[in-house]
Amino acid sequence: MSLELLTLNNPVFKSFTFWAGVLVIKMLAMSLLTAIQRFKTKTFANPEDLMSPKLKVKFDDPNVERVRRAHRNDLENILPFFAIGLLYTLTNPSAFLAINLFRAVGISRIVHTLVYAVVVVPQPTRALSFFVALIATAYMAVQVIAAAAF
Amino acid sequence: MSLELLTLNNPVFKSFTFWAGVLVIKMLAMSLLTAIQRFKTKTFANPEDLMSPKLKVKFDDPNVERVRRAHRNDLENILPFFAIGLLYTLTNPSAFLAINLFRAVGISRIVHTLVYAVVVVPQPTRALSFFVALIATAYMAVQVIAAAAF
Amino acid sequence: MSLELLTLNNPVFKSFTFWAGVLVIKMLAMSLLTAIQRFKTKTFANPEDLMSPKLKVKFDDPNVERVRRAHRNDLENILPFFAIGLLYTLTNPSAFLAINLFRAVGISRIVHTLVYAVVVVPQPTRALSFFVALIATAYMAVQVIAAAAF
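Protein chains in written order, with this note's numbering: chain A, 1 to 150; chain B, 1001 to 1150; chain C, 2001 to 2150.
Extracted from the complex, chain A is given alone in its bound form:
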C-alpha cells in the first residue's frame, strides 16, 4: 500500500512530480534571467567575469538585484515545498485536496516570478501570489506534523 504512494499510479504523487519538475525549470530559468540582466547592464560581481578591461565589478544594479531578490524568494519558498510536498504525499492525503494544493503552489509561484522579475505589476499582486503559496505550504506542513505526532 504505502509503496504505491511514490508511483505515478498515485495521482497525488503524479501531480507533485509534475509541479516539482515545472518549478525546478522555473528556478533554473532565474539564473539565465540574472545572466541576461548582468550582460544588459554590464553588472558583474567578479573581476574574472569582466568582458573588457574598462569595466569594474558592480553590485547595485536595480534590474539585476530585482531578479536576484525574486530568485532568493524562490529558494525560501519553493525548496521547502519540495520537501514537504513529498512528505505530505506519503501521508496519503485526499487526492482532490492535495492536487489543488500543488497546483496552487505551482501557479502562484510562477505568477510571483512574472510580476516580480519579468513585468513589474503594482502590489498587492506579488504579495497575494506569495501568500497563496506560503499558506498552501504551511497547511501541508501542519498536516505532516499532525500525521507524525499522533
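Among the hints, erroneous ones may be present.
Claimed, not checked - Taking CB as the label site, the calculated pair distances span:
id : chain 1 : residue 1 : chain 2 : residue 2 : range
1  : A       : ILE36     : C       : LEU2097   : 25 to 33 Å
2  : B       : GLU1004   : A       : PHE150    : 15 to 23 Å
3  : B       : ALA1149   : A       : VAL142    : 34 to 42 Å
4  : A       : VAL119    : B       : GLU1004   : 28 to 36 Å
As the list claims (entries may be wrong) - Cross-link-like lysine to any residue pairs, in silico, SDA-like; alpha carbons within 25 Å at most:
id : chain 1 : residue 1 : chain 2 : residue 2
5  : C       : LYS2056   : B       : ARG1068
6  : B       : LYS1042   : A       : VAL132
7  : A       : LYS14     : B       : GLU1004
8  : C       : LYS2056   : B       : GLU1004
9  : A       : LYS58     : C       : ASN2009
10 : B       : LYS1014   : A       : ASP61
11 : A       : LYS14     : C       : ILE2145
12 : B       : LYS1056   : C       : LYS2058
13 : A       : LYS42     : C       : LEU2134
14 : A       : LYS14     : C       : ASN2009
FYI, nobody ran anything at the bench for these hints, they're computed from the structure.
All residues carry an ideal CB built from backbone N, CA and C; glycine is no exception.
We have chain A; now place chains B and C onto it with these hints.
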C-alpha cells in the same frame, strides 16, 4: 522491507517527518518576521512596495538584515538536512541514534533562530547551536556516502 | 517493483545517494570556508560576533563575499538537484544515463566551487562547470515532467 521505511510505522521516518514539518513552519515564519521588521523600520527593497510617496527604497536596516541573515543561514543548513535526512532514513539506521540526530537538528536550529533573530544573545550560543546541527547533518551525510559507496 | 527503486539494490538510487551525500558535505564545507575568510579578514556581520571592541561590523570584504556568492550559487543549483534527482530516480530511468547525469552534476559542482572560491581560475571554466550541472538538472526535470504529464 525497504517499502516500510517510508511509512509512519517506521519510528525513524515518523521522527524525520515530524521535525521536517516543524522546520518548514519555522522557515516560513522567517518571511513573516522579515515582513514585520520591514514595516516597523519602513525598509522596502522595491519601489512598488513603498506605502507612501515620501518613502524611498532602503537596503541597509540592521534589524531587517539580521533576520535575512538568519533566514539565509536556514537555507544553507536546513534545506540540505531535508535531503540527507530522507536518504539517511532509507539506509535503515539505528532508530535511537537517528531520532536523536533529528531532534538535535530540529532543536538546535530553533535555538539558532531565537538567539539570532528574535532575542540577540551573546556568542557562543549561536555558534554552538549552528555547529550542533552542522555536525549532526554532516554525520548523516557521511553515513549515507558509506552506505552507497560499499 | 516501484518499491525497489529507493533501495541501494537499485544502482540509480545508489549513485544518487552517493552524490547527494558528497554534495551535502561540499555545501556544509562552504560555511567553514566562509568562517575562515571572516576570521582571516576580520569581517563580521553581527555586533555580537566581534572579537575585540576595536572591530566594527563589516559587509564588503571581497574574499568573504566571493565565498558567499559561491555558496548561494550552490543553494540555487544543488538544492533543486536533490529534489529532482530523487523524482527522476522514481521514474526508473536508464541506469547508464542516470548515473552519468548524477556524476556530471556532482563533479561539475565540485569544480565550480574550486574555481570560484578556492583558487580563482579565469573564465570560462566556472561558466562551463555551471552549465554542465544546469543542463543535466534541467534534462532530469524535463524527463520528470514528461513522465508525470502523460
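Going through the hints against the structure:
1. A:ILE36 x C:LEU2097: 25 to 33 Å: holds, 30 Å
2. B:GLU1004 x A:PHE150: 15 to 23 Å: holds, 19 Å
3. B:ALA1149 x A:VAL142: 34 to 42 Å: Cβ of ALA1149 of chain B to Cβ of VAL142 of chain A: about 38 Å, so the range 34 to 42 Å holds.
4. A:VAL119 x B:GLU1004: 28 to 36 Å: violated, 49 Å
5. C:LYS2056 x B:ARG1068: Status holds; Cα separation ~19 Å.
6. B:LYS1042 x A:VAL132: holds, 24 Å
7. A:LYS14 x B:GLU1004: holds, 21 Å
8. C:LYS2056 x B:GLU1004: violated, 54 Å
9. A:LYS58 x C:ASN2009: Violated, at roughly 50 Å.
10. B:LYS1014 x A:ASP61: Not satisfied, since the Cα-Cα distance of roughly 46 Å exceeds 25 Å.
11. A:LYS14 x C:ILE2145: holds, 9 Å
12. B:LYS1056 x C:LYS2058: Holds, at about 24 Å.
13. A:LYS42 x C:LEU2134: Holds, because 23 Å separates the two Cα atoms, which is no more than 25 Å.
14. A:LYS14 x C:ASN2009: holds, 24 Å
The structure does not agree with the numbered hints 4, 8, 9 and 10 stated previously, though it agrees with the rest.
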